[in-house]
Amino acid sequence: MLKKHKVIFQPSGSRGEVEDGKTILEAAQSLGVDIEALCGNKKVCGKCKVRIEEGYFEKDNIDSGMAHLSPLTEAEKKHIKPEDGPGIRLSCTAEIHGDIKVFVPERSRAGKQVVRKAAKELTIKLDPAVKKYNVALAKPSLHDMTTGDWERVLKSLEENYGLKGLAFDYLVLKDLQDILRKGDWNATATVWMDKEIVKMEPGFVEASYGLAVDIGTTTCVGYLTDLSTGKVVNTESIMNPQVPYGEDVMSRITYAMSNPGGLETMQKAIIQGLNEIIERVAVDVNKDAPNPGYVIDDLTIVFNTAMHHIFLGLNPEYIGKSPFIPAVQNSLDIKARDLGLKINPGSYIHVLPIEAGFVGADNVGVLIAEEPYNQDEMVLIIDIGTNGELLMGNRNKVCSTSCATGPAFEGAQIKFGMRAAPGAIETVEIDPVTREPRYKVIGKADWHTHIAAVKAKGLCGSGIIGVVAEMFKAGIIDKSGRFVMDLGTNRVRKDVDGRPEYVLAWAAETSIGHDITITQGDVRALQLAKGALYAGAKLMMKRLGITKLDRVILAGAFGSHIDKVASLTLGMFPDCPIDMVYAVGNAAGDGSRMALLN
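Going by numbering that gives the first Met the number 0, the sequence shown opens with residue 0, and the numbers climb by one from there.
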(Lines of atoms letter the chains of each structure in order from A and count residues from 1; the text may use other names and numbers.)
(Lines give C-alpha, C1' and ligand atoms only; values in the text may rest on other atoms or scores of the structure.)
Protein backbone atom coordinates (compact mmCIF):
# COMPACT_ATOMS: atom_id res chain seq x y z
CA MET A 1 0.00 0.00 0.00
CA LEU A 2 1.39 3.41 -1.00
CA LYS A 3 2.33 5.85 1.69
CA LYS A 4 0.02 8.84 2.10
CA HIS A 5 0.87 12.49 2.75
CA LYS A 6 -1.06 15.37 4.24
CA VAL A 7 -1.89 18.21 1.83
CA ILE A 8 -3.45 21.55 2.76
CA PHE A 9 -4.61 24.08 0.16
CA GLN A 10 -4.90 27.79 0.91
CA PRO A 11 -6.81 30.06 0.84
CA SER A 12 -9.68 27.53 0.51
CA GLY A 13 -8.58 25.53 3.55
CA SER A 14 -9.28 22.22 1.81
CA ARG A 15 -7.18 19.39 3.17
CA GLY A 16 -6.77 15.66 3.00
CA GLU A 17 -4.35 12.82 2.42
CA VAL A 18 -3.09 11.73 -1.01
CA GLU A 19 -0.96 8.84 -2.16
CA ASP A 20 2.77 9.25 -2.65
CA GLY A 21 3.64 10.27 -6.21
CA LYS A 22 0.40 12.10 -6.96
CA THR A 23 0.82 15.54 -8.53
CA ILE A 24 -0.40 18.65 -6.75
CA LEU A 25 -3.02 19.07 -9.49
CA GLU A 26 -4.32 15.53 -8.94
CA ALA A 27 -4.48 16.25 -5.21
CA ALA A 28 -6.39 19.47 -5.88
CA GLN A 29 -8.91 17.70 -8.12
CA SER A 30 -9.51 14.99 -5.54
CA LEU A 31 -10.09 17.59 -2.80
CA GLY A 32 -12.34 19.85 -4.88
CA VAL A 33 -9.82 22.67 -5.29
CA ASP A 34 -10.13 24.40 -8.66
CA ILE A 35 -6.76 25.19 -10.24
CA GLU A 36 -6.50 26.45 -13.81
CA ALA A 37 -5.34 23.55 -16.00
CA LEU A 38 -6.04 24.96 -19.41
CA CYS A 39 -3.83 22.55 -21.37
CA GLY A 40 -5.38 19.44 -19.83
CA ASN A 41 -2.26 18.29 -17.99
CA LYS A 42 -0.05 18.49 -21.09
CA LYS A 43 2.42 20.66 -19.13
CA VAL A 44 2.55 23.38 -21.76
CA CYS A 45 0.36 26.30 -20.60
CA GLY A 46 2.06 27.27 -17.33
CA LYS A 47 -1.28 28.43 -15.84
CA CYS A 48 -1.30 26.09 -12.81
CA LYS A 49 1.42 27.77 -10.72
CA VAL A 50 1.19 27.34 -6.96
CA ARG A 51 3.41 28.38 -4.05
CA ILE A 52 4.76 25.87 -1.56
CA GLU A 53 4.86 27.20 1.99
CA GLU A 54 8.09 26.46 3.83
CA GLY A 55 8.41 25.51 7.50
CA TYR A 56 6.51 23.95 10.36
CA PHE A 57 2.95 25.17 10.87
CA GLU A 58 1.93 24.38 14.43
CA LYS A 59 -1.75 25.18 13.96
CA ASP A 60 -2.04 22.64 11.16
CA ASN A 61 0.62 20.29 12.58
CA ILE A 62 2.36 20.10 9.22
CA ASP A 63 5.99 20.41 8.19
CA SER A 64 5.92 21.71 4.61
CA GLY A 65 8.66 22.40 2.11
CA MET A 66 9.92 22.17 -1.46
CA ALA A 67 12.03 19.19 -0.41
CA HIS A 68 8.81 17.17 -0.14
CA LEU A 69 8.27 17.41 -3.89
CA SER A 70 9.89 15.85 -6.94
CA PRO A 71 12.77 17.78 -8.55
CA LEU A 72 12.07 20.72 -10.86
CA THR A 73 11.14 19.55 -14.37
CA GLU A 74 12.10 21.00 -17.73
CA ALA A 75 8.52 22.27 -18.17
CA GLU A 76 8.81 24.15 -14.89
CA LYS A 77 12.18 25.63 -15.81
CA LYS A 78 10.52 27.00 -18.95
CA HIS A 79 7.46 28.54 -17.30
CA ILE A 80 8.62 29.63 -13.83
CA LYS A 81 10.23 33.08 -13.91
CA PRO A 82 12.23 34.95 -11.25
CA GLU A 83 9.43 37.50 -10.90
CA ASP A 84 7.07 34.71 -9.80
CA GLY A 85 8.88 34.64 -6.48
CA PRO A 86 10.19 31.78 -4.33
CA GLY A 87 8.50 28.44 -3.80
CA ILE A 88 6.64 28.33 -7.14
CA ARG A 89 5.90 25.00 -8.81
CA LEU A 90 3.63 23.83 -11.62
CA SER A 91 0.90 21.80 -9.97
CA CYS A 92 0.52 19.52 -13.00
CA THR A 93 4.09 18.20 -12.81
CA ALA A 94 5.23 18.51 -9.17
CA GLU A 95 4.83 15.13 -7.46
CA ILE A 96 4.10 14.88 -3.75
CA HIS A 97 6.54 12.87 -1.60
CA GLY A 98 5.86 14.45 1.78
CA ASP A 99 3.47 16.70 3.69
CA ILE A 100 2.92 20.09 2.02
CA LYS A 101 0.95 23.29 2.43
CA VAL A 102 0.04 24.84 -0.92
CA PHE A 103 -1.06 28.39 -1.63
CA VAL A 104 -3.02 28.85 -4.88
CA PRO A 105 -2.48 32.41 -6.18
CA GLU A 106 -5.55 34.22 -7.48
CA ARG A 107 -4.14 34.09 -11.00
CA SER A 108 -4.14 30.27 -10.84
CA ARG A 109 -7.62 29.90 -9.40
CA ALA A 110 -10.30 28.73 -11.83
CA GLY A 111 -12.91 31.47 -11.51
CA LYS A 112 -16.60 30.79 -11.95
CA GLN A 113 -17.48 31.07 -15.61
CA VAL A 114 -19.82 33.87 -16.60
CA VAL A 115 -22.19 32.01 -18.91
CA ARG A 116 -24.18 34.21 -21.28
CA LYS A 117 -26.54 31.94 -23.18
CA ALA A 118 -30.00 33.46 -22.86
CA ALA A 119 -32.90 31.91 -24.76
CA LYS A 120 -34.56 33.73 -27.65
CA GLU A 121 -38.14 33.51 -28.86
CA LEU A 122 -38.77 30.73 -31.39
CA THR A 123 -41.54 30.45 -33.96
CA ILE A 124 -42.24 26.78 -34.47
CA LYS A 125 -45.17 24.42 -34.85
CA LEU A 126 -45.55 22.59 -31.55
CA ASP A 127 -45.41 18.82 -31.94
CA PRO A 128 -43.35 17.49 -29.02
CA ALA A 129 -42.34 13.85 -28.72
CA VAL A 130 -44.25 13.50 -25.44
CA LYS A 131 -47.91 14.31 -24.93
CA LYS A 132 -50.25 13.97 -21.97
CA TYR A 133 -53.62 12.20 -22.17
CA ASN A 134 -56.33 12.15 -19.54
CA VAL A 135 -57.56 8.70 -18.54
CA ALA A 136 -60.93 8.31 -16.79
CA LEU A 137 -61.76 4.75 -15.74
CA ALA A 138 -64.80 3.23 -14.09
CA LYS A 139 -64.13 1.80 -10.68
CA PRO A 140 -63.60 -1.96 -11.15
CA SER A 141 -65.93 -4.54 -9.67
CA LEU A 142 -66.21 -8.29 -9.37
CA HIS A 143 -67.97 -8.31 -12.76
CA ASP A 144 -64.80 -7.25 -14.65
CA MET A 145 -62.14 -8.84 -12.49
CA THR A 146 -60.63 -10.57 -15.52
CA THR A 147 -59.27 -7.25 -16.86
CA GLY A 148 -56.13 -5.81 -15.26
CA ASP A 149 -55.49 -2.13 -14.61
CA TRP A 150 -52.86 -2.02 -17.35
CA GLU A 151 -55.27 -3.39 -19.92
CA ARG A 152 -58.00 -0.96 -18.78
CA VAL A 153 -55.68 2.02 -19.29
CA LEU A 154 -54.62 0.81 -22.73
CA LYS A 155 -58.25 0.28 -23.75
CA SER A 156 -59.18 3.80 -22.64
CA LEU A 157 -56.32 5.39 -24.59
CA GLU A 158 -57.25 3.43 -27.72
CA GLU A 159 -60.96 4.20 -27.52
CA ASN A 160 -60.59 7.91 -26.70
CA TYR A 161 -57.42 8.90 -28.56
CA GLY A 162 -56.83 6.20 -31.16
CA LEU A 163 -53.54 5.14 -29.54
CA LYS A 164 -52.98 1.48 -30.36
CA GLY A 165 -50.36 -1.03 -29.26
CA LEU A 166 -48.79 1.15 -26.57
CA ALA A 167 -45.96 -0.26 -24.47
CA PHE A 168 -45.62 0.42 -20.74
CA ASP A 169 -42.35 1.42 -19.12
CA TYR A 170 -41.69 -1.17 -16.42
CA LEU A 171 -41.33 1.44 -13.64
CA VAL A 172 -44.68 2.93 -14.63
CA LEU A 173 -46.29 -0.49 -14.38
CA LYS A 174 -44.87 -0.99 -10.87
CA ASP A 175 -46.67 2.10 -9.54
CA LEU A 176 -49.76 1.98 -11.76
CA GLN A 177 -52.28 0.53 -9.32
CA ASP A 178 -51.45 2.96 -6.52
CA ILE A 179 -51.62 5.92 -8.93
CA LEU A 180 -55.06 4.96 -10.27
CA ARG A 181 -56.53 4.57 -6.80
CA LYS A 182 -54.89 7.77 -5.52
CA GLY A 183 -56.57 9.69 -8.34
CA ASP A 184 -59.94 8.01 -7.78
CA TRP A 185 -59.61 6.32 -11.19
CA ASN A 186 -58.68 9.57 -12.94
CA ALA A 187 -55.09 9.70 -14.19
CA THR A 188 -52.80 11.30 -16.75
CA ALA A 189 -50.67 9.20 -19.10
CA THR A 190 -47.52 10.70 -20.59
CA VAL A 191 -46.92 9.02 -23.94
CA TRP A 192 -43.65 9.15 -25.91
CA MET A 193 -43.84 9.18 -29.73
CA ASP A 194 -47.34 7.58 -29.53
CA LYS A 195 -45.46 4.37 -28.71
CA GLU A 196 -44.83 4.07 -24.98
CA ILE A 197 -46.34 5.23 -21.71
CA VAL A 198 -43.39 6.72 -19.80
CA LYS A 199 -45.25 8.23 -16.85
CA MET A 200 -48.60 7.92 -15.05
CA GLU A 201 -49.81 10.60 -12.61
CA PRO A 202 -52.91 10.66 -10.40
CA GLY A 203 -55.63 13.08 -11.46
CA PHE A 204 -55.73 15.25 -14.56
CA VAL A 205 -52.37 16.99 -15.09
CA GLU A 206 -51.93 19.58 -17.82
CA ALA A 207 -48.40 20.87 -17.20
CA SER A 208 -45.74 19.18 -19.32
CA TYR A 209 -42.09 20.19 -19.32
CA GLY A 210 -39.04 19.35 -21.38
CA LEU A 211 -35.40 20.32 -21.05
CA ALA A 212 -33.24 21.36 -24.00
CA VAL A 213 -29.51 21.06 -23.24
CA ASP A 214 -26.38 22.35 -24.93
CA ILE A 215 -23.17 20.89 -23.54
CA GLY A 216 -20.21 22.92 -24.73
CA THR A 217 -16.55 22.21 -24.11
CA THR A 218 -16.45 25.09 -21.63
CA THR A 219 -20.07 25.81 -20.68
CA CYS A 220 -23.32 23.89 -20.29
CA VAL A 221 -26.83 25.36 -20.43
CA GLY A 222 -30.31 23.96 -19.97
CA TYR A 223 -33.64 25.52 -21.02
CA LEU A 224 -36.71 24.30 -19.13
CA THR A 225 -39.54 24.59 -21.64
CA ASP A 226 -43.32 24.35 -21.34
CA LEU A 227 -44.16 21.78 -24.01
CA SER A 228 -47.73 23.06 -24.36
CA THR A 229 -46.73 26.67 -25.15
CA GLY A 230 -43.11 26.43 -26.28
CA LYS A 231 -42.11 29.11 -23.75
CA VAL A 232 -38.87 28.89 -21.78
CA VAL A 233 -39.79 28.74 -18.10
CA ASN A 234 -36.31 28.77 -16.62
CA THR A 235 -32.68 28.74 -17.76
CA GLU A 236 -29.62 27.56 -15.87
CA SER A 237 -25.99 27.27 -16.90
CA ILE A 238 -22.73 26.08 -15.40
CA MET A 239 -19.11 25.78 -16.39
CA ASN A 240 -18.49 22.32 -17.82
CA PRO A 241 -17.21 20.32 -14.81
CA GLN A 242 -14.79 18.48 -17.12
CA VAL A 243 -12.67 21.64 -17.53
CA PRO A 244 -10.17 20.58 -14.81
CA TYR A 245 -9.34 17.55 -16.98
CA GLY A 246 -8.59 19.59 -20.09
CA GLU A 247 -9.56 22.90 -21.63
CA ASP A 248 -10.19 21.66 -25.17
CA VAL A 249 -11.49 18.50 -26.81
CA MET A 250 -8.10 17.02 -27.62
CA SER A 251 -6.79 17.44 -24.09
CA ARG A 252 -9.85 15.60 -22.73
CA ILE A 253 -9.44 12.82 -25.24
CA THR A 254 -5.82 12.61 -24.13
CA TYR A 255 -6.89 12.52 -20.47
CA ALA A 256 -9.31 9.67 -21.16
CA MET A 257 -6.65 7.70 -23.02
CA SER A 258 -3.75 8.26 -20.64
CA ASN A 259 -5.45 7.99 -17.23
CA PRO A 260 -6.98 4.72 -15.98
CA GLY A 261 -10.62 5.48 -15.25
CA GLY A 262 -10.29 8.89 -16.91
CA LEU A 263 -13.30 8.43 -19.18
CA GLU A 264 -15.49 7.29 -16.28
CA THR A 265 -14.30 10.25 -14.17
CA MET A 266 -15.23 12.78 -16.86
CA GLN A 267 -18.56 11.08 -17.63
CA LYS A 268 -19.48 11.14 -13.95
CA ALA A 269 -18.53 14.82 -13.76
CA ILE A 270 -20.77 15.87 -16.65
CA ILE A 271 -23.71 13.74 -15.44
CA GLN A 272 -23.43 15.37 -12.02
CA GLY A 273 -23.22 18.79 -13.66
CA LEU A 274 -26.32 18.17 -15.78
CA ASN A 275 -28.19 16.93 -12.71
CA GLU A 276 -27.27 20.21 -11.03
CA ILE A 277 -28.84 22.10 -13.94
CA ILE A 278 -31.91 19.84 -13.81
CA GLU A 279 -32.49 20.49 -10.12
CA ARG A 280 -32.02 24.25 -10.48
CA VAL A 281 -34.36 24.72 -13.45
CA ALA A 282 -37.09 22.46 -12.06
CA VAL A 283 -37.28 23.54 -8.43
CA ASP A 284 -39.52 26.56 -9.14
CA VAL A 285 -42.20 24.46 -10.88
CA ASN A 286 -41.95 21.43 -8.57
CA LYS A 287 -40.96 22.90 -5.22
CA ASP A 288 -42.43 20.35 -2.86
CA ALA A 289 -41.21 17.21 -4.62
CA PRO A 290 -38.27 15.24 -3.18
CA ASN A 291 -36.81 15.18 -6.70
CA PRO A 292 -37.82 18.38 -8.57
CA GLY A 293 -36.47 17.03 -11.87
CA TYR A 294 -39.16 14.33 -12.09
CA VAL A 295 -41.46 17.00 -13.55
CA ILE A 296 -39.34 16.88 -16.75
CA ASP A 297 -40.85 14.46 -19.28
CA ASP A 298 -38.43 14.85 -22.19
CA LEU A 299 -34.84 15.98 -22.77
CA THR A 300 -32.92 16.82 -25.94
CA ILE A 301 -29.18 17.38 -26.00
CA VAL A 302 -26.52 18.70 -28.38
CA PHE A 303 -22.73 18.76 -28.09
CA ASN A 304 -19.61 18.34 -30.18
CA THR A 305 -18.43 14.82 -30.99
CA ALA A 306 -15.91 14.58 -28.17
CA MET A 307 -18.40 15.77 -25.53
CA HIS A 308 -20.97 13.36 -27.06
CA HIS A 309 -18.69 10.36 -26.58
CA ILE A 310 -17.60 11.29 -23.06
CA PHE A 311 -21.20 11.99 -21.96
CA LEU A 312 -22.28 8.57 -23.22
CA GLY A 313 -19.21 6.81 -21.83
CA LEU A 314 -17.97 5.89 -25.31
CA ASN A 315 -14.24 5.56 -25.90
CA PRO A 316 -13.17 8.84 -27.58
CA GLU A 317 -9.77 7.50 -28.70
CA TYR A 318 -10.72 6.90 -32.33
CA ILE A 319 -12.27 10.32 -32.89
CA GLY A 320 -8.96 11.79 -31.76
CA LYS A 321 -6.98 10.26 -34.61
CA SER A 322 -7.38 10.07 -38.38
CA PRO A 323 -9.84 9.31 -39.96
CA PHE A 324 -11.83 10.55 -36.88
CA ILE A 325 -14.60 7.93 -36.95
CA PRO A 326 -17.24 8.20 -34.18
CA ALA A 327 -18.66 5.16 -32.41
CA VAL A 328 -22.15 6.14 -33.57
CA GLN A 329 -23.38 8.86 -35.91
CA ASN A 330 -27.16 8.49 -35.78
CA SER A 331 -29.46 10.06 -33.22
CA LEU A 332 -30.09 8.06 -30.05
CA ASP A 333 -32.95 7.69 -27.56
CA ILE A 334 -31.77 6.51 -24.15
CA LYS A 335 -33.72 6.07 -20.92
CA ALA A 336 -32.89 8.78 -18.37
CA ARG A 337 -32.30 6.18 -15.65
CA ASP A 338 -29.70 4.42 -17.79
CA LEU A 339 -27.58 7.58 -17.75
CA GLY A 340 -28.31 8.48 -14.14
CA LEU A 341 -30.15 11.69 -15.03
CA LYS A 342 -32.65 12.87 -12.44
CA ILE A 343 -35.66 13.58 -14.61
CA ASN A 344 -38.67 11.26 -14.87
CA PRO A 345 -36.81 7.91 -14.93
CA GLY A 346 -39.00 6.42 -17.67
CA SER A 347 -38.44 9.33 -20.04
CA TYR A 348 -36.02 9.35 -22.94
CA ILE A 349 -32.93 11.45 -23.60
CA HIS A 350 -32.83 12.34 -27.30
CA VAL A 351 -29.26 12.77 -28.54
CA LEU A 352 -29.14 14.62 -31.85
CA PRO A 353 -26.98 13.05 -34.60
CA ILE A 354 -23.34 13.76 -35.39
CA GLU A 355 -22.45 15.06 -38.86
CA ALA A 356 -18.87 13.79 -39.24
CA GLY A 357 -15.57 13.94 -37.38
CA PHE A 358 -15.61 16.78 -34.86
CA VAL A 359 -18.66 18.38 -36.49
CA GLY A 360 -21.14 17.21 -33.92
CA ALA A 361 -24.74 17.43 -32.80
CA ASP A 362 -24.24 21.06 -31.75
CA ASN A 363 -23.66 21.97 -35.40
CA VAL A 364 -26.86 20.10 -36.27
CA GLY A 365 -28.56 22.33 -33.71
CA VAL A 366 -27.17 25.45 -35.40
CA LEU A 367 -28.30 24.10 -38.78
CA ILE A 368 -31.85 23.56 -37.47
CA ALA A 369 -32.02 26.99 -35.85
CA GLU A 370 -30.56 29.15 -38.63
CA GLU A 371 -31.85 27.19 -41.67
CA PRO A 372 -29.25 28.20 -44.29
CA TYR A 373 -30.84 25.55 -46.53
CA ASN A 374 -33.98 27.73 -46.78
CA GLN A 375 -32.20 30.95 -47.81
CA ASP A 376 -31.18 32.48 -51.12
CA GLU A 377 -28.26 34.45 -49.63
CA MET A 378 -24.85 32.86 -49.31
CA VAL A 379 -24.35 32.79 -45.54
CA LEU A 380 -21.44 31.83 -43.27
CA ILE A 381 -22.38 30.75 -39.75
CA ILE A 382 -19.55 30.57 -37.22
CA ASP A 383 -20.19 28.95 -33.84
CA ILE A 384 -17.18 30.33 -32.00
CA GLY A 385 -16.56 28.12 -29.01
CA THR A 386 -13.61 26.17 -27.74
CA ASN A 387 -14.20 23.94 -30.76
CA GLY A 388 -15.12 26.23 -33.66
CA GLU A 389 -17.67 24.96 -36.17
CA LEU A 390 -18.61 26.60 -39.46
CA LEU A 391 -21.58 26.26 -41.80
CA MET A 392 -21.72 27.84 -45.24
CA GLY A 393 -24.27 27.74 -48.03
CA ASN A 394 -27.83 28.45 -49.12
CA ARG A 395 -30.81 26.52 -50.43
CA ASN A 396 -28.64 25.02 -53.20
CA LYS A 397 -25.94 23.46 -51.04
CA VAL A 398 -24.59 23.61 -47.49
CA CYS A 399 -21.22 22.39 -46.19
CA SER A 400 -19.66 22.40 -42.73
CA THR A 401 -16.33 21.99 -40.98
CA SER A 402 -14.69 22.34 -37.58
CA CYS A 403 -11.41 23.87 -36.45
CA ALA A 404 -9.46 24.16 -33.22
CA THR A 405 -10.03 27.76 -32.15
CA GLY A 406 -10.49 27.34 -28.43
CA PRO A 407 -7.05 27.35 -26.83
CA ALA A 408 -6.35 31.01 -27.62
CA PHE A 409 -9.90 32.35 -27.49
CA GLU A 410 -10.43 30.70 -24.10
CA GLY A 411 -7.07 31.83 -22.75
CA ALA A 412 -4.98 28.66 -22.75
CA GLN A 413 -2.24 30.08 -24.96
CA ILE A 414 -2.39 33.71 -23.77
CA LYS A 415 -0.02 34.82 -21.00
CA PHE A 416 -2.75 36.52 -18.98
CA GLY A 417 -5.65 34.76 -20.67
CA MET A 418 -8.55 33.40 -18.64
CA ARG A 419 -12.14 32.28 -19.05
CA ALA A 420 -15.00 34.78 -19.02
CA ALA A 421 -15.11 35.14 -15.24
CA PRO A 422 -15.38 38.22 -12.97
CA GLY A 423 -12.25 40.33 -13.27
CA ALA A 424 -11.60 39.40 -16.91
CA ILE A 425 -11.01 42.32 -19.26
CA GLU A 426 -13.66 41.96 -21.98
CA THR A 427 -13.60 45.27 -23.88
CA VAL A 428 -10.58 47.42 -24.80
CA GLU A 429 -9.98 50.74 -26.53
CA ILE A 430 -6.53 52.25 -27.21
CA ASP A 431 -5.96 55.91 -28.04
CA PRO A 432 -4.17 55.92 -31.43
CA VAL A 433 -2.10 58.99 -30.45
CA THR A 434 -1.09 58.39 -26.82
CA ARG A 435 -1.42 54.55 -27.00
CA GLU A 436 -3.12 54.73 -23.59
CA PRO A 437 -5.80 52.05 -23.06
CA ARG A 438 -9.09 51.95 -21.30
CA TYR A 439 -10.97 48.74 -20.61
CA LYS A 440 -14.00 47.15 -19.03
CA VAL A 441 -13.94 44.06 -16.84
CA ILE A 442 -16.69 41.49 -16.39
CA GLY A 443 -18.78 42.47 -13.39
CA LYS A 444 -18.40 46.24 -13.93
CA ALA A 445 -20.41 48.30 -16.40
CA ASP A 446 -18.10 51.32 -16.72
CA TRP A 447 -14.60 51.85 -18.10
CA HIS A 448 -11.82 51.22 -15.59
CA THR A 449 -10.82 54.89 -15.72
CA HIS A 450 -14.17 55.76 -14.08
CA ILE A 451 -14.11 53.14 -11.31
CA ALA A 452 -11.29 53.26 -8.81
CA ALA A 453 -12.13 49.83 -7.37
CA VAL A 454 -11.82 47.90 -10.64
CA LYS A 455 -9.23 45.14 -10.30
CA ALA A 456 -8.42 43.21 -13.47
CA LYS A 457 -7.25 39.62 -13.31
CA GLY A 458 -6.64 38.79 -16.99
CA LEU A 459 -8.32 38.82 -20.42
CA CYS A 460 -11.16 36.68 -21.73
CA GLY A 461 -11.65 35.87 -25.42
CA SER A 462 -13.46 39.06 -26.42
CA GLY A 463 -10.82 41.12 -24.61
CA ILE A 464 -7.98 39.32 -26.38
CA ILE A 465 -9.54 39.95 -29.80
CA GLY A 466 -10.35 43.54 -28.92
CA VAL A 467 -6.94 44.50 -27.59
CA VAL A 468 -4.99 43.01 -30.51
CA ALA A 469 -7.28 44.76 -33.01
CA GLU A 470 -6.81 48.02 -31.11
CA MET A 471 -3.03 47.53 -31.01
CA PHE A 472 -3.03 47.16 -34.79
CA LYS A 473 -5.15 50.27 -35.30
CA ALA A 474 -2.91 52.24 -32.92
CA GLY A 475 0.24 51.16 -34.76
CA ILE A 476 1.63 49.14 -31.86
CA ILE A 477 1.84 46.06 -34.10
CA ASP A 478 2.18 46.00 -37.88
CA LYS A 479 0.12 43.97 -40.35
CA SER A 480 2.37 40.95 -39.81
CA GLY A 481 1.67 41.07 -36.07
CA ARG A 482 5.19 42.20 -35.17
CA PHE A 483 5.63 44.84 -32.45
CA VAL A 484 6.67 48.36 -33.44
CA MET A 485 9.16 49.66 -30.86
CA ASP A 486 10.26 53.23 -30.01
CA LEU A 487 6.76 54.69 -30.02
CA GLY A 488 7.49 57.07 -27.16
CA THR A 489 5.32 55.26 -24.59
CA ASN A 490 6.37 53.21 -21.59
CA ARG A 491 3.56 50.76 -22.32
CA VAL A 492 5.52 49.24 -25.19
CA ARG A 493 8.61 47.60 -23.73
CA LYS A 494 10.66 44.39 -23.58
CA ASP A 495 10.23 41.79 -20.87
CA VAL A 496 13.04 40.30 -18.82
CA ASP A 497 13.84 37.93 -21.67
CA GLY A 498 14.04 40.75 -24.21
CA ARG A 499 10.70 40.01 -25.89
CA PRO A 500 8.33 42.88 -26.77
CA GLU A 501 5.07 43.38 -24.89
CA TYR A 502 2.33 45.97 -24.37
CA VAL A 503 1.21 46.86 -20.84
CA LEU A 504 -2.58 46.88 -20.77
CA ALA A 505 -2.96 47.22 -17.00
CA TRP A 506 -0.35 48.25 -14.46
CA ALA A 507 0.13 46.05 -11.40
CA ALA A 508 -1.64 48.59 -9.16
CA GLU A 509 -4.79 48.20 -11.28
CA THR A 510 -4.85 44.40 -11.01
CA SER A 511 -5.85 41.83 -8.41
CA ILE A 512 -2.85 39.62 -9.19
CA GLY A 513 -0.05 42.04 -8.33
CA HIS A 514 1.51 41.93 -11.83
CA ASP A 515 1.29 44.10 -14.91
CA ILE A 516 -1.16 42.54 -17.36
CA THR A 517 0.61 42.52 -20.70
CA ILE A 518 0.05 41.41 -24.29
CA THR A 519 3.13 39.63 -25.58
CA GLN A 520 4.43 38.80 -29.03
CA GLY A 521 3.54 35.17 -28.26
CA ASP A 522 -0.04 36.19 -27.47
CA VAL A 523 -0.39 37.91 -30.82
CA ARG A 524 0.99 34.87 -32.63
CA ALA A 525 -1.38 32.51 -30.75
CA LEU A 526 -4.36 34.66 -31.73
CA GLN A 527 -3.16 34.72 -35.34
CA LEU A 528 -3.11 30.92 -35.38
CA ALA A 529 -6.62 30.67 -33.91
CA LYS A 530 -8.20 33.26 -36.18
CA GLY A 531 -6.25 31.80 -39.10
CA ALA A 532 -7.95 28.46 -38.47
CA LEU A 533 -11.38 30.08 -38.76
CA TYR A 534 -10.41 32.08 -41.84
CA ALA A 535 -8.82 29.07 -43.55
CA GLY A 536 -11.86 26.93 -42.82
CA ALA A 537 -14.15 29.56 -44.33
CA LYS A 538 -11.96 30.03 -47.42
CA LEU A 539 -11.80 26.27 -48.02
CA MET A 540 -15.59 26.07 -47.88
CA MET A 541 -15.88 29.01 -50.29
CA LYS A 542 -13.58 27.15 -52.66
CA ARG A 543 -15.64 23.96 -52.27
CA LEU A 544 -18.83 25.88 -53.09
CA GLY A 545 -17.20 27.80 -55.94
CA ILE A 546 -18.00 31.28 -54.57
CA THR A 547 -15.93 34.45 -54.14
CA LYS A 548 -18.01 36.50 -51.70
CA LEU A 549 -20.39 36.17 -48.79
CA ASP A 550 -23.74 37.91 -48.45
CA ARG A 551 -24.03 37.50 -44.70
CA VAL A 552 -22.02 36.31 -41.68
CA ILE A 553 -23.69 35.02 -38.51
CA LEU A 554 -21.72 34.79 -35.27
CA ALA A 555 -23.23 32.17 -32.99
CA GLY A 556 -22.48 30.90 -29.50
CA ALA A 557 -22.07 32.78 -26.23
CA PHE A 558 -18.55 33.81 -27.23
CA GLY A 559 -19.55 34.84 -30.76
CA SER A 560 -22.30 37.05 -29.33
CA HIS A 561 -19.87 39.13 -27.28
CA ILE A 562 -16.97 39.80 -29.61
CA ASP A 563 -16.82 43.10 -31.45
CA LYS A 564 -17.63 42.49 -35.11
CA VAL A 565 -15.45 45.43 -36.23
CA ALA A 566 -12.49 43.99 -34.29
CA SER A 567 -13.18 40.57 -35.82
CA LEU A 568 -13.12 41.95 -39.34
CA THR A 569 -10.04 44.04 -38.54
CA LEU A 570 -8.18 40.89 -37.55
CA GLY A 571 -9.48 38.87 -40.51
CA MET A 572 -11.27 36.20 -38.47
CA PHE A 573 -13.51 35.54 -41.46
CA PRO A 574 -13.63 36.61 -45.12
CA ASP A 575 -14.73 40.18 -45.87
CA CYS A 576 -18.42 40.93 -45.63
CA PRO A 577 -20.29 44.27 -45.34
CA ILE A 578 -20.22 45.18 -41.64
CA ASP A 579 -24.00 45.72 -41.58
CA MET A 580 -24.43 42.12 -42.75
CA VAL A 581 -22.58 40.64 -39.79
CA TYR A 582 -24.97 39.50 -37.06
CA ALA A 583 -24.79 37.85 -33.64
CA VAL A 584 -27.58 35.37 -32.90
CA GLY A 585 -26.70 34.00 -29.46
CA ASN A 586 -26.73 30.32 -28.63
CA ALA A 587 -27.92 28.86 -31.94
CA ALA A 588 -26.96 25.31 -30.90
CA GLY A 589 -29.19 25.64 -27.83
CA ASP A 590 -31.97 27.07 -29.99
CA GLY A 591 -31.70 24.01 -32.23
CA SER A 592 -31.92 21.74 -29.21
CA ARG A 593 -35.12 23.53 -28.14
CA MET A 594 -36.59 23.25 -31.64
CA ALA A 595 -35.93 19.50 -31.60
CA LEU A 596 -37.62 19.35 -28.19
CA LEU A 597 -40.71 21.18 -29.42
CA ASN A 598 -41.11 19.48 -32.79
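FYI, nobody ran anything at the bench for these hints, they're computed from the structure.
Mixed in with the good hints there might be a few duds.
No more than 27 angstroms apart at the CA atoms, straight line, and that leaves these computed lysine-lysine pairs for BS3-like [unchecked claim]: (1) 124 - 181; (2) 443 - 173; (3) 163 - 181; (4) 21 - 3; (5) 267 - 181; (6) 537 - 478; (7) 286 - 42; (8) 5 - 163; (9) 414 - 341; (10) 267 - 334; (11) 334 - 286; (12) 286 - 320; (13) 77 - 58; (14) 173 - 230; (15) 443 - 454; (16) 547 - 478; (17) 194 - 42; (18) 547 - 537; (19) 396 - 472; (20) 42 - 5; (21) 414 - 493.
Tested hints:
| no. | hint | verdict |
| --- | --- | --- |
| 1 | 124 - 181 | 35 angstroms, violated |
| 2 | 443 - 173 | 54 angstroms, violated |
| 3 | 163 - 181 | 26 angstroms, holds |
| 4 | 21 - 3 | 10 angstroms, holds |
| 5 | 267 - 181 | 37 angstroms, violated |
| 6 | 537 - 478 | 20 angstroms, holds |
| 7 | 286 - 42 | 46 angstroms, violated |
| 8 | 5 - 163 | 64 angstroms, violated |
| 9 | 414 - 341 | 40 angstroms, violated |
| 10 | 267 - 334 | 17 angstroms, holds |
| 11 | 334 - 286 | 24 angstroms, holds |
| 12 | 286 - 320 | 47 angstroms, violated |
| 13 | 77 - 58 | 35 angstroms, violated |
| 14 | 173 - 230 | 33 angstroms, violated |
| 15 | 443 - 454 | 10 angstroms, holds |
| 16 | 547 - 478 | 23 angstroms, holds |
| 17 | 194 - 42 | 51 angstroms, violated |
| 18 | 547 - 537 | 10 angstroms, holds |
| 19 | 396 - 472 | 37 angstroms, violated |
| 20 | 42 - 5 | 24 angstroms, holds |
| 21 | 414 - 493 | 15 angstroms, holds |
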